[in-house]
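Same order as they appear, the protein sequences are chains A and B.
Under the numbering used here, the letters of the first sequence match residues 1 to 115, in that order.
Under the numbering used here, the letters of the second sequence match residues 1001 to 1914, in that order.
Heads up, some of the hints might be wrong.
Okay, the calculated beta carbon distance ranges per label pair [said to hold, decoys possible]:
1. Arg1011(B) - Gly11(A): 31 to 41 angstroms
2. Ser95(A) - Pro1471(B): 48 to 58 angstroms
3. Ala1074(B) - Arg90(A): 23 to 33 angstroms
4. Ala1074(B) - Ala108(A): 46 to 56 angstroms
5. Ala1417(B) - Ser95(A): 39 to 49 angstroms
6. Ser37(A) - Ala1417(B): 43 to 53 angstroms
7. Ser37(A) - Met1071(B): 49 to 59 angstroms
8. Ser37(A) - Gly1070(B): 33 to 43 angstroms
9. Gly1070(B) - Asp40(A): 32 to 42 angstroms
Over the 10 angstroms line for every Cβ pair with chain A, so calculated as not near, a few chain B residues [stated by the list, open to error]:
10. Val1053
11. Gln1324
12. Arg1709
Keep in mind the hints are simulated off the structure, nothing from the lab.
We put the beta carbon where it would ideally sit given N, CA and C, even for glycine.
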Amino acid sequence: MLDRDGGLLRGTLDVLILKALTWGRRHGYAVAEWIKSITDGELLVEEGPLYTALHRLERNGWLTSEWGYSDNNRKAKYYSLSRTGRAELRAEVASWERYANAVGKALAAASPLPA
Amino acid sequence: MRRVFRIFGTRQIRREVDDELAFHLEMRTQRLIEGGMSRDAAEREALRQFGDVNGVRDNCVSMDEARERGMDRATTIQELTQDVGYAMRSVKRNAGFASVVIGALALGIGANTAIFTLIDATLVRTLPVQHPEQLVIIGNPARTNSSSEGTPRTDMLSYPLFRDLQRQNHVFSDVFVSGRTGRLDVRIGTSGAELEHPRGRYVSANYFAMLGVHAAHGRVFDGTEDQVPGASALVVISDGYWTRRFHNDPAAVGSTMLIDGTRMAIIGITPPVFTGDIVGVAQDLWIPASMHDALAPPRKLLDDRNRNWLLAMGRLKSGATLAQAENDVPRVLEQFIVDNAPPQARQAFLASTPKYWISSGAKGFSRVRVTFQAPLLTLMIGVGLLLCIICANVANLLLARSIARGREMAVRLALGANRGRLVRQLLTEGLVLAMIGAAIGLLLAWWGSRALLALAGGRGSYSLDLGLDVPVLAFTVAVSFGAVLLFGLAPALRAARVDLASTIRSGATSIAGGVLASRGQRAPLGKLLIAGQVAMSVVLLIGAAMLVRSLRNVVNVDTGLDRAHLIIADIDIGSRGYQWERLSTAARTIHERIAALPGVVAVGYSENGVFSGTESGSSLEIPGFVVRTSSDSNFAYDQVSAGYAHAIGARLIAGRELAPSDEGGLARVVVVNQAFASFYFPGASAVGKYFHVSDSVTINIVGVIADVRDHDLMEPAARRAYYPYIHHDVQQGTPVALRVEVRTAGDPAALVQQVRQAIGAADPNLPIEYIAPLEELMMTSIIEQRLVAQLATAFGTLALVLAAIGLYGVMTYAVVGRTGEIGVRVALGAQQLDVVRMVLFDALRLVAAGLVIGLPLALLSARLLNTQLHGVGAADPVSIAVALAVLLASALIAGLIPALRASRVSPTQALRAE
Chain A
1 MLDRDGGLLR GTLDVLILKA LTWGRRHGYA VAEWIKSITD GELLVEEGPL YTALHRLERN
61 GWLTSEWGYS DNNRKAKYYS LSRTGRAELR AEVASWERYA NAVGKALAAA SPLPA
Chain B
1001 MRRVFRIFGT RQIRREVDDE LAFHLEMRTQ RLIEGGMSRD AAEREALRQF GDVNGVRDNC
1061 VSMDEARERG MDRATTIQEL TQDVGYAMRS VKRNAGFASV VIGALALGIG ANTAIFTLID
1121 ATLVRTLPVQ HPEQLVIIGN PARTNSSSEG TPRTDMLSYP LFRDLQRQNH VFSDVFVSGR
1181 TGRLDVRIGT SGAELEHPRG RYVSANYFAM LGVHAAHGRV FDGTEDQVPG ASALVVISDG
1241 YWTRRFHNDP AAVGSTMLID GTRMAIIGIT PPVFTGDIVG VAQDLWIPAS MHDALAPPRK
1301 LLDDRNRNWL LAMGRLKSGA TLAQAENDVP RVLEQFIVDN APPQARQAFL ASTPKYWISS
1361 GAKGFSRVRV TFQAPLLTLM IGVGLLLCII CANVANLLLA RSIARGREMA VRLALGANRG
1421 RLVRQLLTEG LVLAMIGAAI GLLLAWWGSR ALLALAGGRG SYSLDLGLDV PVLAFTVAVS
1481 FGAVLLFGLA PALRAARVDL ASTIRSGATS IAGGVLASRG QRAPLGKLLI AGQVAMSVVL
1541 LIGAAMLVRS LRNVVNVDTG LDRAHLIIAD IDIGSRGYQW ERLSTAARTI HERIAALPGV
1601 VAVGYSENGV FSGTESGSSL EIPGFVVRTS SDSNFAYDQV SAGYAHAIGA RLIAGRELAP
1661 SDEGGLARVV VVNQAFASFY FPGASAVGKY FHVSDSVTIN IVGVIADVRD HDLMEPAARR
1721 AYYPYIHHDV QQGTPVALRV EVRTAGDPAA LVQQVRQAIG AADPNLPIEY IAPLEELMMT
1781 SIIEQRLVAQ LATAFGTLAL VLAAIGLYGV MTYAVVGRTG EIGVRVALGA QQLDVVRMVL
1841 FDALRLVAAG LVIGLPLALL SARLLNTQLH GVGAADPVSI AVALAVLLAS ALIAGLIPAL
1901 RASRVSPTQA LRAE
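All chains, full assembly: derive it from the sequences and hints.
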């Protein structure tokens, strides 16, 4: 869920990062930009927490990292999903969908009693 | 790449995080610049948008560090598991080799653990009571079985002194006492039951409460038993006694037993872990000290200020220290002595600096501790050296093995294993072998320590807690690790230093070449080990030789007795209650009967006698004799028959022996020994002189006999006086024991049976405790020395055998390496004898190297043995010569076989082998 300022709560940030890396390795800046752009600017990522999250996910074993060179030839740290990271992402996506469905049903209710 | 990261640590991690964040900030800055900002404004905005850079950096760094640590841990565990797996497989593959190594290690580690178990049990363990560290002993902790009379002492206490101590001290929350019971005559069950003699102790009523020992069944003394002396006919028994004698029958509590004629009720049983306050002796039962006078007539001790038979222990108040006790207790003791000692003793006391016996009570009282301390430490050094020698042998074996594995190592290195890891793997193999050896060694130690204790027990038996506890386990592990380092490190390093190319290239027959690398090396490591083994063997051999010689000196000491012709019998008069007239009649009758036997030269009887284990002591005053220390007025005494000196073969020096006419009256005449005479009457004849004992009783000296070593082969005779056995002196008291000394013409062993029968015929009522030739008793009295000498000899022999085997192995090896050289020499005209000489010299050079190290070490350690050596100096030339001779002989034999083999090498054979 979103907090008042349109920022992300911690659990959500994690799953977004995992998703961001689905198509291959990315560095932290790219992940931040992807989240902003894919949500049409709705979700603003706080950069500090993003990096904290990246390191945390790596410590948990869901991400692996390596150093490489960016498009403009700067040294950058690239993250990728590990095998367990992919599994975690699948699990998170499934539970998000269940959650969203459930809330959606409740919010779409037309009458006070179930049909 | 990650492997590279691992070694760099925090600085690298920090740098990386900085780089990562810097990249992000730079990208953000670029974007802002593209949006039209200036560089400065863009950088500041980027920072602002990011937030707390430092905080984030710190978070990331700590998470990365945690990750690294986790990975390190995982890798290390993984590698260790791998290594252990390799090691186990390797052990299984070479089961034969492994069993030899494991067996040797088990022996070495087991021996060390066995000795340490004994050391732990006697010197380290604390009593299984509450807060043993708060306990303080007042008195000499080794005097657990003594009693003395005449004047108050500082090493043993009287009952009134105990009471004063209880009331007048400032440092203890309470004080208890514990004292010997002497032999208890106990009947359990029906009145016709057999007499038994459990081990008992008199204790004050607060004993169990103070130690914090609660009854496992029933109850223990609650502190009221002292209030009315003689009223509390209660006894507490130990769990061991309850199991042995009552077979864990719960009805034991509440039942009664007859102790020295008094019916006492068993009120409780202590927990199994508690066996009393004396280390080395397990108590069977405890009796309130206040019952003493009711149980053991006629000696009334409870009010006697000059009868010292108790040891005390106090528990420090919270906040009090041992140092405070050392200041406070002497105050009370001194006051008591000043108030109660006879005048001359008091003077002597005040004039001297008296020794007060105040020490920590955590480890309880113990005589065994004193007896065992030196022998155990000697044995510890011995087994330690033995283990080193064993490790050297194992190292040699491993070295030989590593040569065979040279190929395996080389291939592994070629495939990229790093040498450090290889060394670690080999060490792990050693560790696995050592751990298996240690496990078996623990079993050996369990058995060995008990066996050793039983052997040392001699006539009685010692009781020590030899269970596995933390110090023993820690010791075993430490010794195992030490052993692995000793025997494993060098071979592992050597194996890992394999020269890859030449090893893999070389064929099967000279894999040796790979490890030995260059021609001149010829197993220098092996030779070093042998030199070390020789050095340690020298130490053991010289030590053993010294101990054996010392033992011989002790055994052959001039005792002043006719030791080869004496039989000693101990007759149990106490259980039959023989006193005064009845005792005199019995003694005389026995004397007559035995004297009538053919082959008997003389018969004597006494209260303490010769090598019986008991002694009586008293103190005297002599007008004109100035007493310098309180022990100056102490003397030992015995009550003996007329003609006693002749009976035991002691020489009469002056005056006369006790005669039958001296018997029967008051005991006012004595014969003294030379030590007594020359100490109290130097320069003059003691005959005709006199001395005073308690209450101004005057004793006249009628004769002087030569000093006799009648208790201890090692200590010179104490000052001794011999009173008549048969007398009516109530003050002196009727003798409490009857020992008979029979002097024979021929071999005493032949007459033992007849003497036994004669005693039986004289009075069938009296059981014989034991009857044996004196030599047997003497040998039993030095059982520890004999044991140590025997073990030292065994260690020395074992060390020699191991070193010889090692030497043989290394020389064989060296000869193989020199085959070419020998072939050339023979081709150039060398004779067989020359070759033999060459190899033997090589061997002797090794031994010499070992001697150079070993001899000074041996002399140094001999100095440690000093207290146990009698008549043997710390640099005894005979011992050294004998040890060296044996060593050289073994070395020559060990080197001879390889030498002979070398001499049979033909030149063609040698050259072909190249």
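Each hint tested on the structure:
1. Against the hinted window of 31 to 41 angstroms, the Cβ-Cβ separation of Arg1011(B) and Gly11(A) comes to about 33 angstroms, which satisfies the hint.
2. For the pair Ser95(A) and Pro1471(B), the beta carbons lie near 56 angstroms from each other, so the given range of 48 to 58 angstroms is met.
3. Taking 23 to 33 angstroms as the suggested C-beta distance range, the pair Ala1074(B) and Arg90(A) conforms, at roughly 25 angstroms.
4. Checking the proposed 46 to 56 angstroms range against Ala1074(B) and Ala108(A) shows it holds: the Cβ atoms sit about 49 angstroms from each other.
5. At about 46 angstroms, the beta-carbon gap between Ala1417(B) and Ser95(A) stays in the expected band of 39 to 49 angstroms.
6. For the pair Ser37(A) and Ala1417(B), the beta carbons lie near 50 angstroms from each other, so the given range of 43 to 53 angstroms is met.
7. In this structure the supplied range 49 to 59 angstroms is violated for Ser37(A) paired with Met1071(B), their Cβ-Cβ distance being about 34 angstroms.
8. As the Cβ distance of Ser37(A) to Gly1070(B) is approximately 35 angstroms, the hint placing it in 33 to 43 angstroms holds.
9. Evaluation of the 32 to 42 angstroms hint for Gly1070(B) and Asp40(A) yields a pass: the beta carbon distance comes to about 39 angstroms.
10. Look at Val1053(B): its CB is around 7 angstroms from the nearest CB on chain A, not clear of 10 angstroms, so calling it non-interface is violated.
11. With a cut of 10 angstroms on Cβ distances, Gln1324(B) stays outside the contact zone with chain A, its closest approach being about 57 angstroms.
12. Arg1709(B), annotated as away from the interface, keeps every beta carbon of chain A farther than 10 angstroms; the closest lies near 80 angstroms.
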